[in-house]
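Protein chains: 2
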Amino acid sequence: MTTRRDFVKKGMAGVLASSILPLSYDKTDLLKEKKEDAFKLGIAGYSFLHFKLDESLAMMQKVDVHYLCIKDFHLPYKSTADEISAFHARLKESGVTGYAVGPIYTKTQQDIDNAFDYAKRVGVKLLIGIPNHEDLPYLEKKVKEYDIRFGIHNHGPEDKLYPNAASVYSKIKDMDPRIGLCFDMGHNKRDNQDPVADLGKYSKRIFDMHLKNVSAATKDGKTCELGRGVIDIPAFVKMLRKSGYNGVCSLEYEKDMKDPLAGIAESVGYFRGVCDATK
Amino acid sequence: MTTRRDFVKKGMAGVLASSILPLSYDKTDLLKEKKEDAFKLGIAGYSFLHFKLDESLAMMQKVDVHYLCIKDFHLPYKSTADEISAFHARLKESGVTGYAVGPIYTKTQQDIDNAFDYAKRVGVKLLIGIPNHEDLPYLEKKVKEYDIRFGIHNHGPEDKLYPNAASVYSKIKDMDPRIGLCFDMGHNKRDNQDPVADLGKYSKRIFDMHLKNVSAATKDGKTCELGRGVIDIPAFVKMLRKSGYNGVCSLEYEKDMKDPLAGIAESVGYFRGVCDATK
Chain W
156 MTTRRDFVKK
166 GMAGVLASSI
176 LPLSYDKTDL
186 LKEKKEDAFK
196 LGIAGYSFLH
206 FKLDESLAMM
216 QKVDVHYLCI
226 KDFHLPYKST
236 ADEISAFHAR
246 LKESGVTGYA
256 VGPIYTKTQQ
266 DIDNAFDYAK
276 RVGVKLLIGI
286 PNHEDLPYLE
296 KKVKEYDIRF
306 GIHNHGPEDK
316 LYPNAASVYS
326 KIKDMDPRIG
336 LCFDMGHNKR
346 DNQDPVADLG
356 KYSKRIFDMH
366 LKNVSAATKD
376 GKTCELGRGV
386 IDIPAFVKML
396 RKSGYNGVCS
406 LEYEKDMKDP
416 LAGIAESVGY
426 FRGVCDATK
Chain E
156 MTTRRDFVKK
166 GMAGVLASSI
176 LPLSYDKTDL
186 LKEKKEDAFK
196 LGIAGYSFLH
206 FKLDESLAMM
216 QKVDVHYLCI
226 KDFHLPYKST
236 ADEISAFHAR
246 LKESGVTGYA
256 VGPIYTKTQQ
266 DIDNAFDYAK
276 RVGVKLLIGI
286 PNHEDLPYLE
296 KKVKEYDIRF
306 GIHNHGPEDK
316 LYPNAASVYS
326 KIKDMDPRIG
336 LCFDMGHNKR
346 DNQDPVADLG
356 KYSKRIFDMH
366 LKNVSAATKD
376 GKTCELGRGV
386 IDIPAFVKML
396 RKSGYNGVCS
406 LEYEKDMKDP
416 LAGIAESVGY
426 FRGVCDATK
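So the sequence lines, in the order shown, correspond to chains W and E.
Counted from 1, the first sequence has number 422 at position 267 by our numbering; the numbering is strictly sequential.
Counted from 1, the second sequence has number 356 at position 201 by our numbering; the numbering is strictly sequential.
These are computed hints drawn from the structure, not numbers from a lab.
Mixed in with the good hints there might be a few duds.
Because identical chains share one entry, a pair is satisfied inside a single copy or across any pair of copies.
[To be verified] Calculated pairs, BS3-like style, for lysine-lysine (alpha carbon to alpha carbon, straight line, at most 27 Å): (1) Lys434 with Lys190; (2) Lys217 with Lys374; (3) Lys434 with Lys377.
With the hints as constraints, model all of the structure from the sequences given.
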């Protein structure tokens with residue numbers, strides 16, 4: 156079978172070259188293919204806090220998602236080169252790419268050294284983390300030295316360092332452009348900020364994103380299924396396109412963390428429904 | 156917490172009367188509330204073929220869906236009045252309404268009698284079934300006698316009686332308007348018909364709907380997650396609105412039937428994403 160999604164995955168040329176168009180294939184599919192989005196859907200490793208790698212990959216296959224931000228509980232910081240190779244091979248078997256590592260909390264310059272060393276050994280060009288303010292100049296040296304981009308994660312009203320996107324941006328706007336944001340739209344909303352407007356404002360420095368919705372725009376807001384919260388996801392998707400975001404929207408699902416598959420699946424479906432309906 | 160979906164469920168007046176608007180509540184929510192869709196999302200009982208009622212209701216609660224088309228494996232035809240009352244009470248505890256019964260295959264006029272008797276005892280005003288062609292005049296007498304609407308289900312290219320929507324409509328178009336269709340959009344597509352166009356054509360006689368997508372527009376097409384098939388769901392939702400359909404879109408999920416929750420959740424999310432994004 157060749158479905159509309161296959162066309163998106165394989166690319167039009169590949170499909171046209173390799174198969175005969177099925178009867179069900181409408182002209183409109185070709186038009187849609189031309190509008191394939193620059194951004195990709197992924198899953199933030201933290202969503203799988205209570206699951207081993209194989210269980211996590213099985214869930215990703217179930218929902219047909221192919222990008223994972225790697226957390227250390229799946230690939231420990233002290234992994235050997237062989238362990239890292241085996242990890243990537245396992246992901247590849249599942250059709251998954253580990254595109255970044257983190258979030259990693261760094262309390263010292265040594266922690267930052269270790270994080271960059273880890274990212275380099277893992278072979279990714281994007282590191283998500285939470286550096287202390289006084290370490291930002293040191294961080295700037297490291298992104299230059301390694302040519303690895305660093306996305307700083309915002310964590311809502313309780314976060315003394317980076318409660319929201321604006322607080323990250325104000326610190327890094329004059330620094331090396333390889334320092335940017337891992338924009339957590341849910342924590343941003345919990346800090347009573349506007350995730351749609353902030354995506355538009357800071358998109359050039361947003362390298363990664365924790366895709367989620369929350370139940371309230373206050374510190375008591377909790378992660379919920381993507382279509383059930385207070386953030387207007389259709390408006391957010393439109394802004395993803397308008398701003399030209401071309402990174403991963405990594406679903407971070409923090410509800411029912413010991414039994415998250417249904418909520419992940421509903422959220423993935425909702426995101427794709429919004430994307431398909433607004434193309 | 157008061158989310159956007161609460162406003163939809165409770166109705167604006169109820170929410171305004173009963174709670175203070177949260178900080179997160181945007182003016183746009185009020186506009187959206189005005190555009191609440193006439194159609195409702197439900198689940199066709201057949202999706203839960205391998206599950207007891209309680210397990211099925213738990214899945215419905217998980218995905219926040221509140222309308223169920225009742226199948227006999229959850230409420231046997233020979234149920235007593237007390238058993239029927241207990242059934243409805245159990246649904247009510249889960250916030251679910253059993254809005255119709257079926258599909259019921261009827262091979263004889265006695266089968267039709269039994270089906271109407273069952274629908275009346277269950278207390279629903281809509282019966283989904285598959286009558287023989289020669290029984291249609293008898294069926295017409297029964298809908299008049301009971302004032303219960305009857306939706307005929309189409310079942311794709313293998314179905315000698317009703318392969319597609321047009322084949323149902325041609326038989327019933329001059330009959331009592333209480334005879335109509337349970338439009339199975341997936342089987343319609345498997346018969347290489349156009350579900351979007353057919354929804355538009357026959358909407359006035361469509362009383363119920365099996366919401367689904369399929370992997371191909373041929374007899375080999377299989378039910379798949381709602382966003383992964385060959386039917387253009389955004390176009391379908393737009394036609395639901397254009398045609399003024401005000402019944403239930405009852406998800407019939409026939410993939411992974413022994414472990415359907417993730418696929419149901421993804422499909423529910425996809426449908427809601429499309430609906431929210433096209434309002």
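Right, here's what the structure says about each hint:
| no. | hint | result |
| --- | --- | --- |
| 1 | Lys434 with Lys190 | both (7 Å within a copy, 21 Å between copies) |
| 2 | Lys217 with Lys374 | between (32 Å within a copy, 25 Å between copies) |
| 3 | Lys434 with Lys377 | between (30 Å within a copy, 26 Å between copies) |
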